[in-house]
Every structure is written in structure tokens, then in C-alpha cells.
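Asks: In order, the protein sequences belong to chains W and G.
The opening residue of the first sequence carries number 28 in my numbering; numbering runs sequentially from there.
The opening residue of the second sequence carries number 985 in my numbering; numbering runs sequentially from there.
FYI, nobody ran anything at the bench for these hints, they're computed from the structure.
Keep in mind that this is a model prediction, so the values were computed, not measured.
Glycine included, every Cβ here is placed at the ideal spot set by N, Cα and C.
Hints should not be assumed to be uniformly reliable.
Per the computed footprint, the stretches of chain G lying under chain W, defined by three or more beta-carbons under 8 Å from a beta-carbon of chain W, are [claimed, not checked]: (1) 1155–1164; (2) 1176–1183.
A short, non-exhaustive set of chain W residues, derived as facing chain G with CB atoms under 8 Å [as the list claims (entries may be wrong)]: (3) D117; (4) A119; (5) F121; (6) A133; (7) L141; (8) A144.
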Amino acid sequence: MEVDAVVRLEQVTKSFEGTPVVHDLSLTLLPRTLLVLLGSSGCGKTTTLRLIAGLERPDAGSVWINGTQVSGGGVWVAPNDRRIGMVFQDYALFPHLTVAGNIDFALGGREKSLRQARVHDMLALTGLVSRSDYYPHQLSGGEQQRVALARALVASPHLVLFDEPFSNLDAHLRREMREEVMQILREVGAAAVFVTHDQEEAFHIADRIAIMQAGRIVQTGLPGEVYRFPVSYDVACFLGEVNEVAGTASGDEVETVLGRLPLAQPISGDIRVLIRPETIALNRAADGHFTVVLTRFFGHDQTITVRHDSGLRLEARVWGHETFAQGERVSLSVHQPVAALTG
Amino acid sequence: MGVMLRRSFPPGITSLSILAAGILALALLPLGVLVVHAVVSDWPRWENNGLTGLLPTLSNTLVLVVGVATGTLVLGTLLAWLVTHFEFPMRRWFDRLLFLPLAVPGFIMGFVYVALFEYAGPVQTTLRSWFGWERGDYFFPDIATPFGLILVLTLVLYPYVYLLARAAFLEQASSTYEAAYTMGYSRLQATFRLGLPLALPQILTGLLLVVFETITDYGTVSYFSYPTLSERIIVSWNSSFDPTTAVQLSLLMMGIALFLLAVESRMRARARFYQSARAGRRLNRVELRGAGRWLAVGFCALILLAAFVLPVSQLVIWAISEIRQPTVGVLQETFLAYTANSFVLAAVAAGLILVLAMLLAYGSRAAASQRSWIRRLTSVGYAVPGAVVAVGVLVVVNPIDAPITDFFTDHLSWNGAAYLLTGTTLALMYGYLVRFLGVGYKSAESSLEQISPSIDSAAKLSGAGAWRIIWRIHAPLVRTGLAVGMILVFVDVMKELPATLLLRPFGMDTLALRTYFLSVEGWHRTAAIPALTIVLIGLLPVLILMRVGEPSFGSRRGRSSRTGDEVV
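Chain G with its partners taken away, still in its complex shape:
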């Protein structure tokens, strides 16, 4: 590898590019194979079995996506508008704290909400004891409904819209608004006619991220027993033993994902030229007075409470009571074991992915057009549900496994080689690679992009060789970016549910799986401990985001585009 880097660096197209192409091919193979498999599969079978059964699933998915998209659009944009256009008490705090719900995975929020608000839950119980009500005496919305599911997903996903809308509003130049004032428009009119349309590409980008998360979600929808396409794939593969349907559904999901990715890249391109006018001074915030002031504070506080403080407090209360008095019959001793599993898996995956992503980034450093293609290709794995990736990996790995197993049993009379790949951490790592290479690549690419090629030239003129350039100049410059990338991948792996579920070695548990299984079985107190662990680790990237979230005056564009990338 060292030789390859030395020879092809930096004008190189040769060895490093080939290596990069190999990495790319490896990451795309499962998805490609899946497409082939689906296309040549037994289609009538799908029609008999699936199509009629598919319609409710499709409409379910659509209802969920529309509901969550509407909710997050309104909530995220409204909050972003409040904190960027107005001044009110504690605004600076809300500005950052409203990022926090990003740390809570949907399936954790889901079980906490159901447990809190169901008939037997603390909220309704308290109401009954206060007012002496019995069942049927009062109206209380049922939380375990599609409405409840939409509410839960809206509360965990609105930060995507909030983050991008906020960045968009912050980037807007005050001269845009001032020009409108001189033309006779009031501030509110200017906001509606200029501010919102200008922020729209970024708001829609955030909304697309919400849609991706919603259609790829497995844990939350299955907890709410709400069958969506993504959930159906797992059920078909795992429980109904109907791989054909799973593969065909995966193809459908990939089609949807590719379409949405195309829309997203259009939106990002448009957002870029909307920002092209260099912003002079920033928009000044209007001091809110009277009722509006307290309405703004109350609204921000309510959302923060509902989306973060309430679920996390409940988890803490459960965890404390579980530690004091462990639930009988549920094994808690294994907590350390599956936590270790999670950490090791996430750390190895993060390291592996960032190394490969860096090689990919170096291989494509010379050509910007190549980079945008790689960015698109690697993001497909992230845009499709984890279940699709898992099915793809299994479809690739199974046929390789069989002959190996046969070879060992037939020729060497050794049975220990059975399923060398399938159901091992190797297949699991492969799954993570396919799914999260895009996340790693974006970090690697954007950190490498900050190093202008003329820096390399300057270093070479002063006599530095390729390794010296990489070690003494590139390494210190990309270090932070790579660390951020690793943290993002680490946390994503830790939260990943469906791919782990399908690809894990038999009996292997992780924090996410344990949380999910325990919560499905109703052991909320016990589930609270791994759930809280996931939330705490999930806070790490959110804290980083909170630090860079403010586009500073000098490096406004650079920083904010990084903010956008970190969300993905």
C-alpha cells in the first residue's frame, strides 16, 4: 500500500484509483446483486402472494411518511424561525438544546412514550387517582396508534429540519431583507416572500433526511405493530421464510431511495447557489414583547421537554429502580457482555470504515466529478433500510459459504467450517461497511477537501516525499474531521437494529438489540439501562454538532456545509 501511495501520489490515477474502485465495488456489490436477484426472481409469485398484501403496507408507509414529514416540517421550521429571527429569554439555550432529541433513537422514544401514556402508564394512572376516574370516564388519546407513532417519530426527527432550516436562516444576509424593506415590504412579508423561499432547498434537504429515516425505520414501527415496507422485509426474510418477497421489496426500497437521493442532490445544488451571494451583515433578531415572548419560550420549552427531558428522565428513573431492585427473571448480568459487544463492533466498524473511506477519498482526490459520484453511490447504502443491506449481504455471502463448507466437510472431513461467513461478525462487518461507508466517506472527503493541492505542491518543492506530506501535513489537518467521522459511524453502528438483527452471529446481543427485545416484551425498567447507554453515547455527536452548529462570521459557508453533512 505504501508503495502504491508513493508511486501514484499525487497526480496518480493508477494503483490508488484501482484500490478505490475495488472498495467501491465491494460496498456496492450486495446492492447490485440484490437488484439482479430481484429482477430475475419469480415475479408472479410476488403478485399472488404480495401485491394485494403489499397495498396496505404501501399505504401505511405513505401515511407514516406524510405524517412525519408534515410534523417535522412545521415543527422544525417554526423552531428555527423563532430562534433565528427573534430574541426572547433563554433563546441562546434553546438554540442549541433543541438539537438534543437527535440522540434518542425512535425505538427508544417509542417504548418510553407508550409506557408513559398507555392506560396502565404513570400519566393516566395519576390522572385517575387525582380525579377519581374509572376506565371510560375520560377521553385520553391512545398512544399505541399510528397517530402516536407519527408523534414519536416527529419528536425524534424534527431536529434534521430544524438544523438545516436554522443554518439557512442564519446564512441569510440582512441586505436581502433590507432591500425588501426599501421596496415597501414589512419584516413578516419579507420573511414569507424571501426568507422562506430562500431557505426552502435546505429545509427540503432536512425533510428528505427525515423521510429516509422514516422509511428505513424498523424498531419503532415494529414496536407499534405498524407494518411498513422496511418492516415487511425483515418479516419476510426472518419469520415468513419468503426471501423472494424480501428481495423484491428491497428492490422497491432501493428505487425509492435512489429517487429521493436524486431529489436531495438537486436540492443541495440549489441551496448552494441560493447562498452564493456573500452575506454581509447578519439579520438582526427582533426582541419579542408581551405574550409573544412567553409563547415562544413556552413552545421551545414544551418541545424540548417532550422530545428529550421527559423520555430521558423516565429512562433514568427506570434505570435507578432497576439497579436498586433488579427485575426477577430477567438476566441483567449479561449487560456488560452485550455492552462490550456493542462497543467492539462499533469501534472496529468505525476504524475499518474510516480507513477504507480515506483510501477512497485519496483515490478520488484529483477529480471533483468522481467525488460527487462516489458520494452519491456510497450514500445509497445509508438511504436504504438496514434490512435491505442485510438481505443483500446474505445473498452475496451465502453462495460463497456453501462451497467452502462443502470443501471442508467433503475433502477435509471437518465440520467446524460450517458457515464461515454467514452469521459471523465478518458478514456483520460487511453489512456495516455497505450501510455506513457513505457516512465515513463524507467526513473523509470533506476533511481532505480542506487541503488545497497547492499545499502539496509547496511541500514537494520544499523536498518532502509522499509519506512525509501525508504524515506531517495531511494527518494533522484531517485528524479532527476523521475523528468526527469515526464518532458518527460509531454511534450509527451502535444504534443500528435491522442489519444487526439479520446478520449477527447466533445468540450475539448488542445494546440496541437488547433494548429492543426487552422493550417489546414489556420489561421497560430493564430495557432502560441499555437504552440510556445508547442515548448517552448518542449525545457525543450531538455535542459536536452543537459546537460547530453556529456558522461563524468568517468561515460561514465552510462550517455550515459541514453541519449539513454531519446530519447525513
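Bound-form chain W, shown alone:
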């Protein structure tokens, strides 16, 4: 067993009223790492987070935090003895306490001068010094978010859990807060598990991504890895738009309606390959095998739907300045190795 894992889940299972929510889930989180649990709503990612925090008891399996078993095998460490920081989806700020009071609350029992110093450090780190005596209802959404973060970090936990913390913020503020949270986490050197259903957010902040579906982790890896080499069509779709194309592989290449394409991993036989729209380039060509059927303009880029003479429809994502008219004949090329779907 790796002793230096901050969190280790082994075959954890949890059901609610007979409905299984987390199945046989195993997970390892290394120090100073931000792991994103990514999945659509109801996939069990929040329950996994609550199992780590000790807010739920697993039905089976075990949980280790910093090498100490906290759950499973007859062991149970209550959440109040786990020393974990947590940021809740609704922030769970205490409305009757000031900003400083909220942060100080997390230091309960410690010496007063030490508490004052820590609270001040956190206020400074999160840019809330001027808001120290405000009450939560007097703060903006972003400020409330920072208080929740400061409160979760003030006791210097090794591990911080985030339960979709940005879901109540508007898109602009969300991007800003992401940067801030990442920077602060790096500064304090804590490991974190971050739950979200937003793949853009996940790619942006994650050191590692774990993709959850129906209570299981289906794929773990670096953000670029899981995007380029998804384990299934479902995962591929969840992470972004994708074209699925049949082909015949022979080693490093696959023969498809787009021609011979290089494969990311050698394989042979009849397979299906996944082609991301942004890896497709369009060239105007009277002798091309594709016809432009639809264009959708997004500003800096656009998606173009084309139809092969065989009836197959594909989607390409190209820069906004290229102009293609409906009905134009084009040829396609793919400028990256494609991933083969196995299984």
C-alpha cells in the first residue's frame, strides 16, 4: 500500500434505500494533486465526496486518509475527527457570524492569538480583509465563495473537498474563481478532490480527471489523455463533440471514408474510430467526396456539418474566418492520429 496517498478508496460501495449509488469504487489521490471527479448529475460523484468526508458511511469497502484507515473493517472515524476542509455547493456559510467569525469557527479550540493570526492570513490570501466584519448576506456570490474557501483552508488540512462549488456563479465569475482556487491551493500545498459536471471546468483545473458513470469510475488520467483517448463512445461524447467512423485497421493506419488515417495505437481488424471535430480540416475541392450541409458560426470558430456521398454525416470545427457555403463540395483531412474504440 502506498503510504503517501492522501486519500485511498478501496472497493467502496454505497446504496440509498436499496438503490446503489456508488459501486465497488477504488481511487487514489496523491499529495498536492487536484483530482476532478467528473460526471453527469446522479452519477454518484457527490456521494463519493461525502464518503471521503465521512458524511456518509460506506456499505462496504474501506477508506484511508493519510495512510490511516478511517472507514471499513470495523473502523469508523467520525467526520469531525478527519481534519478535512470542505467547500459545499451552497457554501453553508453561517449567517449569524461575520466573515472573520465564519473562518474563525473552523479553528475552534485553538489558542486565541494563533487563531487571530490564521484568520488574518486567510483573509489576506483570499482578498477579504476589507470584508472581515461583513455578514454573509452582505456579500456577493464570489465573495461568499471565497469565505467558504478560506474557512475550508484555515485549519491547514492536507485535503480539501469541493462539491460543485461554482455552480451558483455566473460564467465569467466562475472562470475567475477557478484561477483563484487553483492558485490558492498551490500556495497552501493541499491536495483536493473537486466534483463537477462541467467538463470545461474539469479540463481547466484538473491535475487528474476521474470520470464517473452510474456509480463507477470508468476512466482516470490526465485531462489531455482522457479527452484524446476516451475508453468509450459515451465518455467521448460526455467530454466533447465527436464523430464515430467505421474503418478497417491494419497496424498503424485505418482505412475510412476520410481516407487512410494514422492510428494512435496499432491495432488490426474492423474497428470504430473517434474523430474530434477540431482535428478535421476542410478544403474546397470540386472533386471532394463531401458536401457542406450546415454551418453554425460561434465567433472565433464555427462548426460545419458535411455529408459524405454515402450519406454519412460528420462535423468539423474550423476557424471563424474560413467561409464555406451550403452545397459546396469539400474534401476532408485529419491532422492528428485518431483513437480506436476498443470494446
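Model the placement of chain G on the given structure of chain W, informed by the hints.
Replies: The following block gives chain G in isolation, referenced to the frame of chain W:
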């Protein structure tokens, strides 16, 4: 009226607003006149007569308020904490059944308790016969003491604190507690450091209702011969023929009431932003085990028994024996007559008040700031004792009456017009209006508030006129709210003692008056029949409360705020 509504509706400020202002002025007139009267009255007289005599009354009132407030605070909060934080056998039943004592007016509970626990009462008699004791052989606390009075009022008033504390605990998000757990706090620590402080504004709101009820109480304190400010007003006006003292005391009571109302509105405002964090999942209840489990069951059962089952059972036993064998010398044939009086008075008052309250609500519909002022102004009548309202009404009505009477006797040589207003049901209705308009307005306002102005706009765009909007859209939507308001006013009028006592036409009896007089004279068995009738009718609003008492998941805030209003 129809024209007025049509012309000023909905952007209207004009006719309807003026009508609303008129209603408001009518309802506040007696209290305003009372203030003027008191201020210009003969103050030294009060000093000679009253001030020294007033001190014991003041300290009595204070002792009673502190005692009852402490009792209800502890009892109400403890019960609410038990049923919301823990799981134990029959919890679901206790959760609702603990509302029941709201149906028992203090003066009824008072006479039942005294009759049960006094020396000659069944409890002590039974103890003596079991153990062969004689007088002085044993210690038994005397029930007819201030302590007994505090006990009785605590048992009937704790539901106010219970109701609001319970709603507050139910609204708390589990994430608040979970955040505390992750910070190293245990559940009990989280309850004390977060749960209680967060529920405090609502608990204090409930406590203020208890204080209002305690200082305005007349029947219970006079039954226990415990002079308080409220009781003194009636005695001064009715028996000592000292209207100046009555008016001056009324001013004092109004001052206290206004102060408490201001505190209450602060508390409600604070409670609102304490709840502002939208609650996600609810707090899960901890299963109690071992001794704690049975302690919780036993405690809830004991309170329910003492505050409801015991007094009601005793009333039933008395009523049955009275029906089988009527007490000689006490007229019971009139039961139907005064019951009819009570029903007619309560029904007419409820109808009148809700109509006026609805007009008031429509008149102030456009402006939220106006509404909060109207809410405050109309609640003054409810916050002061019924006796103050009655004195105010009499002070207004008397000077109008005299010239009318003179006019008829001098110019028309007709004596039948004497006291056309004073001592008639008209003055009584006016008294009820002043006292209970606030209750009606809150129902009217909150039911109208549920109709968003954009609904009106949508209806107008589809071509509906003002009457069609009111009839086809508003009426069905406000119906339930108005019915609840009517029931609340109906029951309040039925229970009202001091205002009825001072304003009733000579010789007119009601259920409450009859219960009170019979119990004061010691005819417990006979008093049990009207008393039981009042309790049964009083159960009606409690049953409604029990149905809406559970803040449901979706409409948590809406429902619970309605729960709070219904208490007032």
C-alpha cells in the same frame, strides 16, 4: 365600491387607497383617542391613587411574564429540539399532537387545574384515601398560587415557542451542520454553537407571542386573583369606577405593546436573512437508544398529558355528569341561547373583518412598504389587552352617544334611543374589529401576496376586466387563505373575554363569559359544557396548523412563514 375597484385597479392609488386609509383610521381611532385622553388626563390623581398601588401590580406582571417566558422557552425549545433532531417511538405523533394545547384557553385550563389539584380536588382526595392521610400529613404544592398560575399559562402557551422553534430547526440545512463536522465539531457542539443561535430569532418571536398573551390575559389571572396591569384596567373601569386610572394604565400597556412589536419585527427580519441560505438536504434525525429513547417518549407524553389530555378528559367527565344530572339552581337551559350568541357574534365579526381586511389588502397591494406599516399598525390592537381596546371603544363611542340620545329625547320625545351605540352589539363589533383586524389582514395580505402582479397583466392582455380578474383569478386563489383567516378570527372572538365583558349589551352572555362566570363561582361541572365547546371549536385552527405545519421540501419558505403568521 365596484366602480372604485374598476377605476383604480390595479395601478390605482385613488379611491381604493382612500377607502383603505378610512378602514385603518377607523380601527386605530379608539387607540389614538385613548392616547390623547391619557396624556391630557389628570396625572397627579394617578400618582396619589395609583402609583403606590401600581408598583405591586407592575411587579406581579413582571414576575408572571418572566416566569411564563422562562417556562415556555425551555419547554417549547426542548420539545422542538427533540422532535426535529431525534428519532424515537411515536415521534411523528408527538410532532403534531404537541400543537394541541393551543386549543385550550388559559382561563379554562386554570379552573380545571385548580379544581383538580386543590385540597378538595380529586387528586388530593384520592391520595388521602389511598394513604389514609389527613390535612397536614403530607406536602402538596398549592395550585392556587402564582406558581400554579405560571404552570398553567406555561402549559397553554408553550406551543407558540414550540411551533416556531420547530419550524426553525426544520429549515436548517444539513450542510450547516456538516460544515461544522468537517471543522471538528460534534453534533451536540454544532447544535449549541450553530443550531440554537440560528433558531434564536424565531424562538424569540414565539416567546414574544407568549409575552403578548401573558400580559393581555384577563381570565386566568383574575381566576387566580393575581392582579396584573391588564386585570387592573378592567377592575378600574368596571368595579372601582375609576376611568382615569384605566385610561392611564391602557396608555402604559400600549407603550409596552408597541415596544414588543418593534422587537418582534426586528426578530422576524433577522429570521428572514438567517434562512436566506437555501437549504439543500434536511438534517437527518439521530435514532435515540437506551434510556434516552424512553426519556424522550416519556417527556413528550407527560407534557401532552398535562397540557391537553388531562384537562380535556376532566372537562368531558364533568360535562357528562352535568348532562346526566344537572346541577340544581344553575340555569342550563340558556346554553343554546348563549352558544348561539357566541356563534353569531364570531361569524359576523369574522365576515366583517375579513371583508375590511381584504379591502385593506387590495388598497395596499401595490406598495410593499405600505403593507409592512399596515401590518404593524393593525397588530397593535392584538398586542394590547382586550380591556384596553374596550376602554378605547367606549371613550370614542360615549361622546357620540350622548348627543344622539339627547337629540331623540329633547326633540322627538323618544326615550328608546338611549345608548344607541354604547352597550350594543355595534360597539362590541367595533371592539372586535379593532382587536382582530390585524389577524384578518395578515391572512388577506399573505393570500393576496401569492398572486404575482404579472398574473394580472397576463389576464388583462387576454382581455379580462377588473371584475373578471377578481372573480375568475383572484377569488379561487385567495379562497383558502381567506377561509383560514376567518376561522382564526372566529375562534379568537369566541375566546375573547375582557372586550366582550366591557362592551356587551347588558345581560348578553357568550360561551366564554358563561364559562368564566360559572368557573369563578365554582360551578365546575356546569362550566365544563361551554368550556368544552370552546376547546372543540378552538381545535379547528389547530388542525389546520397541524396540516400545514410541516414545511414541505419544495415550498419550504412559503409554508413555514405562513405557519408563523397563523400563530399571530
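Asks: Just pull the numbers of the violated hints for me, sorted ascending.
Replies: Violated hints (numbers, rising): 7 and 8; every other hint is consistent with the structure.
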